[in-house]
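J.: Knowing the structure of chain A, use the given hints to seat chain B on it.
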Amino acid sequence: MPAEKTPMIPKSLRPKNYRQRLTYLIAGILIAAVTLYLALPIVALFLRIPPDMFFATLHNPDVISALWLSLFTTSITMVVVILVGTPFAYYHSRYTYPGKVVVDTLIDLPLVLPPAVAGVALLMLWGRVGLLGRYLNMFGISIAFTTLAVIMAQIFVASPFYLRQAKSLFEQLDPAYEQTARTLGASSMRILAFVTLPMTAGGLVSGAVMTFGRALGEFGATIMFAGNLPGVTQTMPLAVYVGMEGDLSVGLTISVLLVIISFAIMIIVRLVQKREAGHA
Amino acid sequence: MNGKLTPSHLALISLVLGLLMITALFAGCTQSTTSTATPAETAAPTAAATPAATQVATPVATVATAAPTTVATTATPAPTFTPSRTNIVAFTAASLTGASPTIASSFAAAYPPDTVSFDLDGTQALKTQIENGAYADVFISASNSYTNTLNKEGYFVPNSVKTMTTNYVTVILPESNPGNIQSLSDLAKPGVKIAMAANTVPVGTATTAVLNNLANDTYSQSWKNQTISNVVTYETSEPAVATKVSLGEVDAGFVYQSTANAAPSGTYQSLSIPQKDNYLQTYTIAVVNQSQNKAVASWFEQYMLSAAGQNILAQYGFTAP
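Heads up: the protein sequence lines correspond to chains A and B, in order.
So the first sequence is numbered by this note's numbering: it starts at -9 and just counts up by one.
So the second sequence is numbered by this note's numbering: it starts at 136 and just counts up by one.
For reference, chain A alone in the conformation it holds in the complex (with noise of 0.2 Å):
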């Protein structure tokens, strides 16, 4: 594979001694087993399953539900974590206050934090012994193993995606721009809206397909805080795990439909951060 790199370079560009051959010969090894390394397992899984057998597992209820219970989880995390992180970013850059640097820290701590540790956690506060738990059972609220806790878990693990991205999106958003606006008398709600967010839309975006997809992902948590009931806490994840363990072709239709989605998710980020640099 490398060797067939070498020809295809313009015979000006040609390694023009033994050195910078070997250079290309190594560049090509590395670039090839990398590749194949991270491409390899996504051929395995498409050749496994026949498409008609994925087509036909694809009307199984299970994978349904399994289905549009990630889509509408994920969709309100994404919704909630845009609605509450963007302000949330925004006044997090703009000011100085005692403890920044530990609000810093725990927006990085789920990323770091075993998504199963995120999901104890969750359930020893928000269970119903848990620290507040206990209390909102009194009033007849229970969280854990609801669709509730599913969009928490979600939320509490892919939510760091969004706000570093946005956090840094406004940190390096030169504050000339806002002070032009402000001079020229126009209100803060009117900065935001056509000076501040217009600016750092691409940025956004793409931050908020990454929380998206990482909520798309989330196993470990969800299967801990929600539990694993097919229609109300099942996401596709943890139908890939039980699909696995039983009817195989469930666990590689959904596996199949991830990797599609995955695909889609990466495409969407692209094109955002393409169209940003076509503006720059």
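Treat the hints as calculated values from the structure; they're not laboratory data.
The C-beta atom is built at its ideal place from N, Cα and C for all residues, glycine as well.
There could be a bad hint or two in this list.
[Unchecked claim] To give a feel for the contact side, a few chain B residues facing chain A, derived at Cβ under 10 Å:
#1 Ala260
#2 Lys328
#3 Ala330
#4 Ala333
#5 Val367
#6 Glu384
T.: The following block gives chain B in isolation, referenced to the frame of chain A:
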């Protein structure tokens, strides 16, 4: 968990806050602190490296070759164990989690220097792993049907499949009984939260059978439907159901009798299911065909079937076959 702040609580909280502050300081300097190179998944088949030829012929005869521990340091293909010591891997139904440390230590004591380590998971998960090439020496299943499937597929040493023990299904409740459940009929009360195992898990299959029996003999079809609609989660192993109950997050859970029997007093209340409606789950043990340590594996099987092994199982609430 009584909500009171004791000095030890305060100490713990200040420790956590202190750690948070320290990490915050570090995070201030460097942006992302994500990557910690995790070593490649510790592969189960380390024992496979041990050559089968070096196994000692009789179980108890400890042919102590001179200073065997030092040999290990010079050997090349990463042998965790000296040739004379064999560690077998037993893929074991998760419902044996409680009994497994005792089994491991008493087997090691009975058959020095050989040892056993357990890979505990729902039998359905272990079956999938075996079928996809996972290495195991022994397979202990909580389900006859999974054992039969694997046996037909040729994964076991012929005639090594033996009945090991049995277990009934029972209902456990948190000690405080938050759902105020006094009888099996209360499981159908609206608002009761029930945890059970997924249908692929052996105890889940057994639970479904029990619900059908109870519906036919004692209660009604609507009792069964109402009970099933009270299920809030289908867990992927038997201990996971027990945990949800012991945490008090659900009002009732369907587990094995052994779990209820072996738990320290004050953990659960239990509601027994009449024997005529119950489902007797049969556990089997088998030597896996690909095992590199078949001799030790079959000694382990014999040990589990012997009076000593059966005593441990009885101590953990299992019923002799």
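J.: Give a verdict on every hint.
T.: Now the hints, each set against the structure:
1. Ala260: Status holds, d = 5 Å.
2. Lys328: 7 Å, holds
3. Ala330: Nearest chain A Cβ about 8 Å off; hint holds.
4. Ala333: 6 Å, holds
5. Val367: Since chain A brings a Cβ to about 4 Å from B/Val367, closer than 10 Å, the hint holds.
6. Glu384: Since chain A brings a Cβ to about 5 Å from B/Glu384, closer than 10 Å, the hint holds.
In summary, this structure violates none of the numbered hints.
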